[in-house]
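A.B. asks: Going down the list, the sequences are from chains A and B. Read left to right, the first sequence gives residues 1 to 313 (the UniProt record's numbering). Read left to right, the second sequence gives residues 1 to 313 (the UniProt record's numbering).
Be careful, since some hints might not be right.
One-sided excerpt, in silico: chain A residues whose CB lies under 8 Å from chain B [as the list claims (entries may be wrong)]:
no.	residue
1	L106
2	P123
3	V142
Honestly, the hints are just simulated from the structure, not real lab data. For each residue, glycine too, the CB sits at the ideal point set by N, CA and C.
2 protein chains.
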Amino acid sequence: MSLLVAVTWETQPWVERFRRHLPDRDIVVLGDDFDRNAIRYVATWGPKPGSLSNLPNLEAIFSLGAGVDHLMSYPGLPAAPIVRVAQDDLTHRMSEYMVLHCLMYLREQRRFDEDQKAKRWNPDRAPPIAGEVRVGIMGFGVLGQDAARKLKVMGFDVAGWSRTPKSVEGFDAYAGEDGLTSFLNRTDILIALMPLTPDTQGILNRSLFRKLARDGKLGGPILINAGRGKLQVEADILSCLDDGTLQAATLDVFETEPLPESSPLWTHPRVTITPHNSATSEPEATARYIAQQIRRHEAGEAFENVVDRARGY
Amino acid sequence: MSLLVAVTWETQPWVERFRRHLPDRDIVVLGDDFDRNAIRYVATWGPKPGSLSNLPNLEAIFSLGAGVDHLMSYPGLPAAPIVRVAQDDLTHRMSEYMVLHCLMYLREQRRFDEDQKAKRWNPDRAPPIAGEVRVGIMGFGVLGQDAARKLKVMGFDVAGWSRTPKSVEGFDAYAGEDGLTSFLNRTDILIALMPLTPDTQGILNRSLFRKLARDGKLGGPILINAGRGKLQVEADILSCLDDGTLQAATLDVFETEPLPESSPLWTHPRVTITPHNSATSEPEATARYIAQQIRRHEAGEAFENVVDRARGY
Chain A
1 MSLLVAVTWE
11 TQPWVERFRR
21 HLPDRDIVVL
31 GDDFDRNAIR
41 YVATWGPKPG
51 SLSNLPNLEA
61 IFSLGAGVDH
71 LMSYPGLPAA
81 PIVRVAQDDL
91 THRMSEYMVL
101 HCLMYLREQR
111 RFDEDQKAKR
121 WNPDRAPPIA
131 GEVRVGIMGF
141 GVLGQDAARK
151 LKVMGFDVAG
161 WSRTPKSVEG
171 FDAYAGEDGL
181 TSFLNRTDIL
191 IALMPLTPDT
201 QGILNRSLFR
211 KLARDGKLGG
221 PILINAGRGK
231 LQVEADILSC
241 LDDGTLQAAT
251 LDVFETEPLP
261 ESSPLWTHPR
271 VTITPHNSAT
281 SEPEATARYI
291 AQQIRRHEAG
301 EAFENVVDRA
311 RGY
Chain B
1 MSLLVAVTWE
11 TQPWVERFRR
21 HLPDRDIVVL
31 GDDFDRNAIR
41 YVATWGPKPG
51 SLSNLPNLEA
61 IFSLGAGVDH
71 LMSYPGLPAA
81 PIVRVAQDDL
91 THRMSEYMVL
101 HCLMYLREQR
111 RFDEDQKAKR
121 WNPDRAPPIA
131 GEVRVGIMGF
141 GVLGQDAARK
151 LKVMGFDVAG
161 WSRTPKSVEG
171 FDAYAGEDGL
181 TSFLNRTDIL
191 IALMPLTPDT
201 QGILNRSLFR
211 KLARDGKLGG
221 PILINAGRGK
231 LQVEADILSC
241 LDDGTLQAAT
251 LDVFETEPLP
261 ESSPLWTHPR
271 VTITPHNSAT
281 SEPEATARYI
291 AQQIRRHEAG
301 EAFENVVDRA
311 RGY
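Based on the sequences and whatever the hints tell you, model everything.
C.D. replies: Laid out in structure tokens, this is it:
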């Protein structure tokens, strides 16, 4: 009854965490001398090709972060269920990020930063109130709904969009290709929180940005992407910022990470960059969650948060 | 049945607003030729000495902003009730400001701004979560309680302090001189929202800052003052920032406003300045509120939000 930890970084801390939370199991890592038949579970992030092969008794694959695109693109992924880590801390952190950045735009914090730098006292222009600003959340799952709820408490006018129809009390929920245009037409701040799949790769592009509301109170549409970098076409973001199709962007994720020094995003005056840490999983809570799921499973209950392989998330 | 508008700026727009909301009244301003016996109400902000004298039939004085310290220090203030404007918009704006600035500290936005400027990708240090940060709100009235509720939704550990004991469901509420030290001892981010009175003038000083928590997760105590500038001793804020008694400060109000160009606060690397616009009253809503109060009063009901002159707010 072994758990294989297949990560490319920080191997030893992960092993220690799992030993603490699963003291009755063998915890092994790639490169150890272990019996592949004994491996029941894998905990992994970005496994190297081949590392998950020949595990005939595998019962589950646990992803060590919120997304599973690193697994969906893995060649020869074993057939065992993939379990996503759902962690309250991660959800709360993501909502902190979204509320922070929506409020920075609402309250024109960048303008006040500039005013401070210039020692300029200019209280005259009153920003709109939150109720006048429409936030649209693409990806209306656990993360999107928590952010929606908190943004609504702050007063924002919030709606969600998801691939398949969802009914979320208190919110307008748009769905599918059909609902996308109406959703974008009513959106001043677009929050991207959807999973990366073949369908969503590059979806944040000029043709989508052109559909965002042009009659809002913030001087033009704003993009906040903390989902996955490959959702976005950075060349389009830059050209849309320059021709006014977008007013500003806050990006936590990028086509290439770390963001290369040569990227013009770094110095663009209307781009805010954070280093893919909007909502890092807390390793301790992740290990605890995985141990719980293993115990649930062995008590005869179903795993929670199993990935639908057809949808890709 | 006249309303006298006594303001030192923007006189005509105020007159027009009141004419719209009280079309059946005479709206007059200082300098007009009017019968002082006919004046039943005054709407004012920072009235000039003498402007409120000889109004024998005055029934109420309406303050055009949230605070009334501009009236309490007025020599020869008439005895009529002073009615404070309570406005949902103003409350919401203040809460936006408080949540924004608490989140900027929680999520170390200034560090990420510096990193972006240096094209530095540094995701390693994970900020604490909101639940690990203790916010303390001095002044636990309408504004303080709304901010408390929203900060709590964001996950912060929030408590309030007021001069007289208040019981506010869901929050630890400290009161009076006796409760102040315990309140400060458990506070990482101190929010000042109390009224300016002879008791609170200069209360935000070194001796108070020294009592703030030193064991918090933000590297030292933080001050956010959006109450009144004269609550704070700016020389103490500066020296406390420099010797580590304070970690950072966000100030919307100042001893002298506009903040003089010579103030070292403008350029202090750990000070964020906004130009006394954390929560400007929306003039339209203010005029509407005053018209409502006048109609209430004339229908035989009591004014709402009447100032207690002994307390000074």
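A.B. asks: Sort out which numbered hints this structure fails and list those numbers smallest first.
C.D. replies: The structure conflicts with hint 3 only, although it agrees with all the remaining ones.
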